[in-house]
Amino acid sequence: MMRRSLGYSGALLALALVGCDGDAADGGEHGQAGGEVGCVSDLEFFQKEISLAFMETDCMTCHNPQGLAKASKLVLASPGETGYLQTNFDALKDIAAYERDGVSVLLLKPSAGVDHGGGKRFATDDPRYQALVELVARFDDPVVCDAGQAPEAGLLGKVKLIDLPATLRKIKLQLVGALPEPDELEAVAEGGEAALDARVAAYLEEDAFYDVLRRWYNDAFLTDKYVRGDEATNLLDGDAFPGRHYYRDLPEDTEEGQLARQWANRSVAREPLELIAHVVRNNRPFTEILTADYMLLNPFSAKVYGASVRFDDPLDPSEFHEAKLPSMPHAGVLTSPMFLNRYPTTPTNRNRHRSRMVYKFFLATDILEKAERPVDPTTIRDHNPTMNNPQCTICHAAVDPIAGAFQNWTDKGRFEPPDMGWFADMLPPGFGEADIPPDDWSHSLQWLAQQLVRDERFALSAVQSVYEGLVGRPVVKNPTDQSDPRFEGKLAFYNLEQAFLRQATDAFIAADYNLKVIVPLVVKSPFYRAEDVDGADEAETVALEPLGTMRLLTPEELDMRLIATMGRPWQRRVVERNFLLSSQEYRFFYGGIDSDNITTRISEPNGIMANIQLRMANEMACYTVANDLRLAPEERFLFPHVETTYTPEDDNGFPVPQAEEAIRRNIRYLHHRLLGEVLVPGDEQEEATFLLFLQTWREGYQAVANGQINRDLPSHCQGRYDFWSNEDLPDAERLVRDDRYTVRAWMAVVTYLLADWRFLYHQ
Amino acid sequence: MSFDRRDFLKLAGMAGLAVMMPRGAARAQTADDRFWVFVHANGGWDPTSLCDPKGRQNEEEEDPVNHYFTDDIGTAGNIKYAPVAYNAEFFQKHYRRTLVLNGVDSQTNNHDAGTRHTWSGKLSEGYPALAALIAGVQAREAPMAFLSNGGYDDTGGLIAPTRTGNIDALNRIAFPDRVDPNNPNGDRYHSPETWDRLQAAIAARQGHLTETLRLPRAQHAINQLFTARVGRNEVRRLSEFLPERFDDDGLKRQAQVAVAAFRAGIGKAANLSIGGFDTHGNHDDSHFPRLANLMQGVDFLWDEAERHGIADKLVVMVGSDFGRTPSYNSGNGKDHWSVTSVLLMGAGIPGNKVIGASDARHRPLKINPSTHAVDDAGLRIEPQHIHLALRRLAGIEDSDPVRKLFPLIGTQDLKLLG
Numbered sequence: 006m007m008r009r010s011l012g013y014s015g016a017l018l019a020l021a022l023v024g025c026d027g028d029a030a031d032g033g034e035h036g037q038a039g040g041e042v043g044c045v046s047d048l049e050f051f052q053k054e055i056s057l058a059f060m061e062t063d064c065m066t067c068h069n070p071q072g073l074a075k076a077s078k079l080v081l082a083s084p085g086e087t088g089y090l091q092t093n094f095d096a097l098k099d100i101a102a103y104e105r106d107g108v109s110v111l112l113l114k115p116s117a118g119v120d121h122g123g124g125k126r127f128a129t130d131d132p133r134y135q136a137l138v139e140l141v142a143r144f145d146d147p148v149v150c151d152a153g154q155a156p157e158a159g160l161l162g163k164v165k166l167i168d169l170p171a172t173l174r175k176i177k178l179q180l181v182g183a184l185p186e187p188d189e190l191e192a193v194a195e196g197g198e199a200a201l202d203a204r205v206a207a208y209l210e211e212d213a214f215y216d217v218l219r220r221w222y223n224d225a226f227l228t229d230k231y232v233r234g235d236e237a238t239n240l241l242d243g244d245a246f247p248g249r250h251y252y253r254d255l256p257e258d259t260e261e262g263q264l265a266r267q268w269a270n271r272s273v274a275r276e277p278l279e280l281i282a283h284v285v286r287n288n289r290p291f292t293e294i295l296t297a298d299y300m301l302l303n304p305f306s307a308k309v310y311g312a313s314v315r316f317d318d319p320l321d322p323s324e325f326h327e328a329k330l331p332s333m334p335h336a337g338v339l340t341s342p343m344f345l346n347r348y349p350t351t352p353t354n355r356n357r358h359r360s361r362m363v364y365k366f367f368l369a370t371d372i373l374e375k376a377e378r379p380v381d382p383t384t385i386r387d388h389n390p391t392m393n394n395p396q397c398t399i400c401h402a403a404v405d406p407i408a409g410a411f412q413n414w415t416d417k418g419r420f421e422p423p424d425m426g427w428f429a430d431m432l433p434p435g436f437g438e439a440d441i442p443p444d445d446w447s448h449s450l451q452w453l454a455q456q457l458v459r460d461e462r463f464a465l466s467a468v469q470s471v472y473e474g475l476v477g478r479p480v481v482k483n484p485t486d487q488s489d490p491r492f493e494g495k496l497a498f499y500n501l502e503q504a505f506l507r508q509a510t511d512a513f514i515a516a517d518y519n520l521k522v523i524v525p526l527v528v529k530s531p532f533y534r535a536e537d538v539d540g541a542d543e544a545e546t547v548a549l550e551p552l553g554t555m556r557l558l559t560p561e562e563l564d565m566r567l568i569a570t571m572g573r574p575w576q577r578r579v580v581e582r583n584f585l586l587s588s589q590e591y592r593f594f595y596g597g598i599d600s601d602n603i604t605t606r607i608s609e610p611n612g613i614m615a616n617i618q619l620r621m622a623n624e625m626a627c628y629t630v631a632n633d634l635r636l637a638p639e640e641r642f643l644f645p646h647v648e649t650t651y652t653p654e655d656d657n658g659f660p661v662p663q664a665e666e667a668i669r670r671n672i673r674y675l676h677h678r679l680l681g682e683v684l685v686p687g688d689e690q691e692e693a694t695f696l697l698f699l700q701t702w703r704e705g706y707q708a709v710a711n712g713q714i715n716r717d718l719p720s721h722c723q724g725r726y727d728f729w730s731n732e733d734l735p736d737a738e739r740l741v742r743d744d745r746y747t748v749r750a751w752m753a754v755v756t757y758l759l760a761d762w763r764f765l766y767h768q
Numbered sequence: 005m006s007f008d009r010r011d012f013l014k015l016a017g018m019a020g021l022a023v024m025m026p027r028g029a030a031r032a033q034t035a036d037d038r039f040w041v042f043v044h045a046n047g048g049w050d051p052t053s054l055c056d057p058k059g060r061q062n063e064e065e066e067d068p069v070n071h072y073f074t075d076d077i078g079t080a081g082n083i084k085y086a087p088v089a090y091n092a093e094f095f096q097k098h099y100r101r102t103l104v105l106n107g108v109d110s111q112t113n114n115h116d117a118g119t120r121h122t123w124s125g126k127l128s129e130g131y132p133a134l135a136a137l138i139a140g141v142q143a144r145e146a147p148m149a150f151l152s153n154g155g156y157d158d159t160g161g162l163i164a165p166t167r168t169g170n171i172d173a174l175n176r177i178a179f180p181d182r183v184d185p186n187n188p189n190g191d192r193y194h195s196p197e198t199w200d201r202l203q204a205a206i207a208a209r210q211g212h213l214t215e216t217l218r219l220p221r222a223q224h225a226i227n228q229l230f231t232a233r234v235g236r237n238e239v240r241r242l243s244e245f246l247p248e249r250f251d252d253d254g255l256k257r258q259a260q261v262a263v264a265a266f267r268a269g270i271g272k273a274a275n276l277s278i279g280g281f282d283t284h285g286n287h288d289d290s291h292f293p294r295l296a297n298l299m300q301g302v303d304f305l306w307d308e309a310e311r312h313g314i315a316d317k318l319v320v321m322v323g324s325d326f327g328r329t330p331s332y333n334s335g336n337g338k339d340h341w342s343v344t345s346v347l348l349m350g351a352g353i354p355g356n357k358v359i360g361a362s363d364a365r366h367r368p369l370k371i372n373p374s375t376h377a378v379d380d381a382g383l384r385i386e387p388q389h390i391h392l393a394l395r396r397l398a399g400i401e402d403s404d405p406v407r408k409l410f411p412l413i414g415t416q417d418l419k420l421l422g
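Residue numbers (our numbering), protein chains in the order written: chain A, 6 to 768; chain B, 5 to 422.
Careful: at least some of the hints might be erroneous.
Unchecked claim - Residues from chain B shown here face chain A by an in silico Cβ test under 10 Å; the list is partial: (1) M148; (2) L174; (3) F179; (4) E197; (5) I206; (6) A208; (7) R209; (8) P220; (9) A225; (10) L242; (11) D339; (12) I413.
What the hints assert, rightly or not - The calculated lysine-lysine pairs, modelled on DSS-like cross-linking and capped at a C-alpha distance of 30 Å, are: (13) A:K329 / A:K417; (14) A:K125 / B:K126; (15) A:K482 / B:K408; (16) B:K408 / A:K53; (17) A:K521 / A:K365; (18) A:K163 / A:K482; (19) B:K317 / B:K97; (20) A:K529 / A:K365.
Calculated from the structure, these hints are not laboratory results. Bear in mind the structure is a predicted one, so any value in this text is a computation, not a measurement. Note that beta-carbon positions come from the ideal geometry of N, C-alpha and C, so glycine has one too.
Given these sequences and hints, build the entire structure.
Okay, here's the thing in structure tokens:
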């Protein structure tokens with residue numbers, strides 16, 4: 006065993022990946038230089054000095070499964086493929102074993118010491134050559150670092166996590182839009198992770214979770230572009246589906262007519278998202294989202310498609326059944342008319358865009374990242390360069406076979422196999438090295454689906470989707486720019502996150518692709534639970550930058566949180582527009598999307614969004630405080646411990662201890678209910694909130710007593726109606742007066758808490 | 005009584021809060037009084053149909069770059085333009101303020117990477133859009149410092165982008181404490197004294213959170229929320245300058261909001277975006293109307309800036325993901341091509357000038373770094389050279405965020421702006 010060190014400032018990376026078995030500052034035999042030193046494992050050396058330094062941008066252009074060197078002994082896996090680093094390390098190790106005159110072929114080939122199809126890549130005095138020299142030496146004499154210090158113990162060791170009850174609150178709010186019941190919190194506090202797993206498993210059976218799941222996938226697919234008007238049914242072929250607009254002929258004054266107008270187009274538009282929900286809800290292997298030989302139809306979409314399906318309730322839009330359309334070789338999402346229309350093609354694009362999306366959604370691969378490397382058009386003079394020029398084949402060799410698999414589907418998503426077969430000037434339809442057998446040409450997407458789900462990247466893509474949905478940010482990408490001052494930190498976190506994703510992917514596959522197993526894994530991880538860090542130095546702080554889930558809630562998430570905590574959404578009356586969700590109100594200002602022109606969410610607030618938050622806090626306090634206080638204490642969401650008569654001081658200005666204690670108790674209750682904070686009596690945050698209440702009350706109480714302001718609450722803040730039934734209340738049940746100014750003082754408190762970072766952010 | 009930016013900043017100091025700073029960077033404000041607009045032609049435009057015209061000699065020419073004839077190529081001052089779309093009107097009107105950069109090597113055929121390269125100056129990920137960089141360094145406290153209508157709007161964590169929706173809702177947003185936003189004397193949700201007390205309590209609370217939550221992402225998020233609130237009262241000034249009627253055209257509407265934000269003193273830089281340029285099929289019929297819309301929109305932007313009296317402070321950059329192939333494909337379309345052009349206009353830009361060139365098949369030619377003449381021993385113009393020039397024009401190249409976090413290391417100064 007020996008130790009080697011690197012000249013680059015690799016201390017942080019070493020910290021993140023491995024501990025060392027001793028003082029590495031003695032230099033070892035290769036590559037020793039000054040500066041910070043640490044034990045650098047062989048894989049780590051390979052990643053930084055070989056793979057990231059030049060191999061991914063140079064060698065991989067040809068040495069890939071579809072590249073010009075695909076028949077050589079060195080075929081490399083692409084970044085994004087699970088375990089690509091280890092795969093390529095092993096591949097180089099095999100090659101390095103071949104020698105000529107005592108020199109490894111791994112050194113001879115790129116320096117043109119022997120014939121190399123790619124020519125001379127660099128000279129023997131080039132740093133890249135020197136890096137390969139060290140790698141070959143390491144193959145002969147591996148460096149073993151002390152694995153006793155796990156990554157978590159190093160980089161994550163200083164990170165503080167939220168406790169399990171807080172984790173339960175967080176995940177229940179996120180997945181089902183509700184607060185945990187006291188007995189749930191108690192069970193988790195006592196039962197630990199097993200109890201948490203059990204509760205999370207229960208949430209995954211609730212309908213609300215499937216709304217969240219659909220939203221996660223729509224943020225990727227963007228098929229909700231078609232939910233409005235007749236946009237989905239208009240896409241269907243009127244000849245093939247003569248009933249596509251059947252609902253237009255139904256009388257508007259019947260229940261069926263009204264429901265059909267409301268649901269028919271929407272159900273057609275949502276079909277791919279409903280399929281995903283269906284597969285997960287029924288614990289089917291997630292592979293079925295691509296291999297399903299059926300569509301998922303409800304009574305309304307079944308009529309649009311003219312499918313004969315028996316429904317228990319022909320007017321229930323939530324009743325879905327699997328159905329096959331005649332002469333339609335279904336392949337799950339791949340053959341969904343909505344998916345195919347959202348990602349259309351042209352006569353010259355030839356389904357390549359669809360192919361790219363397949364890579365992105367189902368193989369966790371941005372195939373065009375291969376084309377991000379500098380390309381030089383002056384070198385492209387080949388005949389049919391997409392098949393012959395390496396700068397083009399790097400993408401097209403991977404893209405074109407999948408594109409060909411879409412051969413039977415038109416630009417409008419209709420099943421019309423081409424009379425003359427597929428294009429001869431493209432690679433034949435297939436996947437990877439496999440061509441589609443002629444017998445499978447008529448149902449080529451079904452064949453493709455079977456290939457896709459066998460690829461490990463399919464499992465990884467599902468894991469990433471769940472991870473990104475829960476954590477609220479994309480998976481960190483492989484850093485490539487070594488001139489970036491924060492490169493080391495980025496690389497450390499990337500490695501950490503990738504290790505977790507690999508573990509989750511293995512567990513997902515082992516569970517027969519049941520998507521539900523991924524959720525508790527993420528929820529229990531530091532990636533979901535990190536809240537604070539103690540004692541991190543500057544380098545560690547950089548590495549930890551992506552850690553945590555802190556981000557602004559989306560309009561949909563904030564709406565869920567308001568309903569969970571306040572008992573109602575942000576809208577004046579139940580029949581009026583929802584301020585957060587309506588495109589006519591604040592949805593786009595607040596960073597929402599329409600899945601059409603606006604497709605990315607804003608996750609960090611600006612001045613306009615800050616004002617929307619304050620207006621929300623003001624209006625929700627106005628709408629809810631009196632309406633809550635008018636209820637019996639056991640029915641209240643916000644004020645179980647006080648009455649409007651509870652004032653902190655009497656008319657002579659003397660404290661009223663019992664009232665003050667009740668007020669403080671309710672403040673602690675509100676901090677927990679709205680912000681998830683557990684305050685002990687006397688906490689400084691309780692004191693700050695009480696001071697706000699007290700000062701506001703004093704000011705208003707005097708003003709009311711002096712007749713300077715009205716005893717009645719402003720009309721829009723009075724408790725005069727029941728929100729959900731939209732019925733006005735009898736006079737006896739209303740709360741319209743605020744003689745003691747306590748209602749308005751509580752409104753200030755609720756505004757304060759609703760405007761708080763903890764309320765507005767996912768944490 | 006009002007609770008303004010000064011009060012908020014005072015509270016920030018009392019609460020120990022830093023108005024959001026770029027990670028690891030010190031504050032840097034400069035005196036640049038320019039306003040910046042970046043117009044993105046989404047999908048990859050065809051420079052040979054705009055400012056790097058090739059044409060064809062006659063109808064018999066095989067595999068022409070363009071279908072129009074070389075004899076019809078127009079000239080405005082020193083600038084040549086393709087005789088299509090709205091080019092003649094645009095260049096004849098604006099050539100004196102326009103610098104054309106041709107033969108720009110985007111080094112990619114990937115939409116995402118090309119868009120990123122054009123607007124951040126970096127092919128790899130992680131660098132912010134120049135609009136965000138300028139706004140983040142110079143005006144991060146302004147509530148609409150970086151107005152984004154799409155394109156590449158990565159901010160590098162420097163500043164939050166602002167997006168607009170239903171303009172009618174802006175008054176309600178501008179006055180969150182008024183029940184009726186149009187009635188300054190009407191009911192408020194809280195008394196003025198309580199409203200100020202609330203702002204103070206909210207700021208103090210954020211100070212407490214900053215002290216107790218030290219995870220970088222939490223710190224960043226708390227500071228970002230605080231920063232967003234610092235300038236929030238100034239949003240109301242936007243309503244003074246918005247037009248009574250918005251244009252029906254999307255790009256022109258974006259220009260109206262951007263100019264109003266500049267005029268109101270709450271905006272610094274804006275991304276405008278127009279799509280439809282990815283014309284793999286039926287290129288001329290599909291592409292030329294989009295080019296016309298684009299150049300009419302830029303023309304309108306200048307008119308709007310003139311109307312508001314800020315044209316002398318306006319800088320405009322017009323660009324796209326990359327260019328389009330010099331040949332028409334079998335569908336009469338044009339595919340992706342990594343050679344493109346960029347238009348720079350306005351304050352500090354030497355107009356009536358063309359730098360860089362491409363050959364007859366739209367391959368990029370190298371230029372001499374000093375003379376800008378075509379020179380085989382010279383360099384190709386890349387986005388990094390343009391960004392270096394614009395960073396210098398904006399006076400931000402030596403600021404901490406730029407120097408420490410987003411440097412253009414090794415970029416040769418081509419002195420594109422003189």
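Results of checking the hints against the structure:
1. M148: holds, 6 Å
2. L174: At about 8 Å, which falls below the 10 Å cut-off, the nearest Cβ of chain A leaves the hint on B:L174 intact, so it holds.
3. F179: Where the cut-off is 10 Å and the nearest Cβ of chain A is about 8 Å from B:F179, the hint holds.
4. E197: It holds, given that the least Cβ distance between B:E197 and chain A is near 6 Å, below 10 Å.
5. I206: holds, 6 Å
6. A208: This interface hint holds because 7 Å falls under the 10 Å limit.
7. R209: Cβ of B:R209 sits 6 Å from chain A, so the hint holds.
8. P220: holds, 5 Å
9. A225: holds, 4 Å
10. L242: Cβ of B:L242 sits 9 Å from chain A, so the hint holds.
11. D339: For B:D339, the interface hint holds, since the closest Cβ of chain A sits about 7 Å away, which is under 10 Å.
12. I413: With a minimum Cβ separation of about 5 Å from chain A (threshold 10 Å), the hint on B:I413 holds.
13. A:K329 / A:K417: Judged against 30 Å, a Cα distance of about 20 Å means the pair holds.
14. A:K125 / B:K126: Roughly 28 Å between the alpha carbons, so the hint for A:K125 and B:K126 holds.
15. A:K482 / B:K408: Status holds; Cα separation ~21 Å.
16. B:K408 / A:K53: It holds: about 22 Å lies between the C-alpha atoms, which stays within 30 Å.
17. A:K521 / A:K365: Holds, at roughly 22 Å.
18. A:K163 / A:K482: holds, 24 Å
19. B:K317 / B:K97: With Cα atoms ~18 Å apart, B:K317 and B:K97 stay inside 30 Å; holds.
20. A:K529 / A:K365: Distance of about 27 Å is within 30 Å: holds.
The structure shown violates none of the earlier numbered hints.
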